[in-house]
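Enquirer: Below, each chain spelled out in residue letters.
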Amino acid sequence: MSVLHIVNKSPYDRNSLDACLRLAQPDSAILLIEDGVYAAIPKASASERVQQALNNHQIYALQPDLQARGINPDNLIDGISLVDYDGFVKLTTDYDKSQSWL
Amino acid sequence: MATKKFLYVNRKAPHGSIYAQESLEVVLIAAAFEQDVSLAFVDDGVYQLLQNQDTGALGSKNFSPTYKALGDYDVSKIYVEQESLEMRGLGKDDLMPLVYEDEDDDWAEKDSIHVVSSSELADIIEQQDVILNF
Chain A
52 MSVLHIVNKS
62 PYDRNSLDAC
72 LRLAQPDSAI
82 LLIEDGVYAA
92 IPKASASERV
102 QQALNNHQIY
112 ALQPDLQARG
122 INPDNLIDGI
132 SLVDYDGFVK
142 LTTDYDKSQS
152 WL
Chain B
32 MATKKFLYVN
42 RKAPHGSIYA
52 QESLEVVLIA
62 AAFEQDVSLA
72 FVDDGVYQLL
82 QNQDTGALGS
92 KNFSPTYKAL
102 GDYDVSKIYV
112 EQESLEMRGL
122 GKDDLMPLVY
132 EDEDDDWAEK
142 DSIHVVSSSE
152 LADIIEQQDV
162 ILNF
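Keeping their order, the protein sequence lines are chains A and B.
Under my numbering, residues 52 to 153 are what the first sequence spells out, in order.
Under my numbering, residues 32 to 165 are what the second sequence spells out, in order.
Same shape as in the complex, but just chain B (with noise of 0.2 Å):
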């Protein structure tokens, strides 16, 4: 099966509807498929991966852990919008720290996670084959 380059776009918040989890899923259950996938969080999307969320008072399944796992799938490309941190008073120290195990240099431990300009995103976007939005 020919490799084909995977977008998948999170613009939602995480826990006021089902979109941020089932993205989730799903770049889960692709990336088992051994396809080329990048993961973008754009907008609220960015909320998906602030540090120490804790559902517990909620009552409902505290799925942000699971981020730190897409390494581990070899999912090693997130990118995160600049503008839309910045216009949430958010910054890069404000996230999840996630990485990956990268195996052409030794199984080095390396970021996962790119901040980028808007026209960076831009032309991520025109690189791929298929593109997912949640």
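Isolated chain A (complex conformation) (with noise of 0.2 Å):
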């Protein structure tokens, strides 16, 4: 299996997300994170960017942050796949290595 790409940042703070995008391979999984979860909201302007990846990746976002924020789950961007504590954990292991853009 390929990489996990773990992004931790505001999409509209830094380019973590932008920098992930680009230099992903098809097929690897993206996992937002803290302030990465922000990139999950529909309707923003980075939506459409978030949509486009779909296309290529499995992207997941972790509960608890999204609910800290204050974030619904059930309003994601379509497609986005939520996993607790037990399922970050498990993907870090289904993958064969991480790679955080911090």
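Think of the hints as simulated: they come from the structure by calculation, not from any bench.
Positions of the beta carbon are idealized from the N, C-alpha and C atoms, including for glycine.
Any given hint might turn out to be false.
[Unchecked claim] Computed footprint of chain A on chain B; a stretch qualifies when at least three of its residues, placed anywhere within it, have a C-beta under 8 Å from a C-beta of chain A:
(1) 40–54
(2) 69–81
(3) 98–110
(4) 113–124
Need the complex rebuilt from these two chains, each delivered in its own frame; the hints are there to steer you.
Expert: Below, the structure is given as structure tokens:
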């Protein structure tokens, strides 16, 4: 299996998500955690880039980080999957390696 | 002591760094000195006011209900930049309701949050004596 890309910065504060989307191979997965989960909100200026990325990547968002920020997990960009902390751990073992876009 | 106009500009998301929480504490302290306090929420700062924040699973302090105390400290001028909201797919309905009681209007409960355009916010910034950034 390939790489798990982890993004923990808001797409409106840093360019981490864009760097990740530019440099992630098709079929690698992307996990949004901490302020990275703001990228999961629909109808925002980053939504189109995320939607585009969903054609080539599985994208996950960490549920406790959504909840902390008041983001409704039932109203994310279509196609984004939720994971809890156990799911996060499982993803890191399912993929060969992790790349954290700090 | 002469009253000065203080503006606190908040531009950071709430849980990824300590800025938002520190700003809120400083605002509440300064408000106790009866200054003319305004708050501006710009860029990722608008995320601070989202409804239903629950940090239970993170084990960190959930300070978001504290914003609701601002009205009791006579902090009733809260400006949120419209452009910042729109860019993030948000609107006023996504924000927590913040109110104050207007002593000049028989203590009627009024909305503290004002969604303003960039140019309106630029004017508000111009009118201040002291501007603090978080």
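Enquirer: Compare the structure with each hint and give your call.
Expert: Quick rundown of the hints versus the structure:
1. Given as covered by chain A, the stretch 40–54 of chain B passes the check, having 5 residues with a CB less than 8 Å from a CB of that chain where 3 are the minimum.
2. Judged by the Cβ-Cβ criterion of 8 Å, the stretch 69–81 of chain B is covered by chain A as claimed, because 4 of its residues qualify and three suffice.
3. Check on the stretch 98–110 of chain B: 0 of its residues sit with their Cβ under 8 Å from a Cβ of chain A, so the three-residue criterion for coverage is violated.
4. For the stretch 113–124 of chain B, the proposed coverage by chain A is satisfied: 4 residues have a C-beta within less than 8 Å of a C-beta in that chain, meeting the threshold of three.
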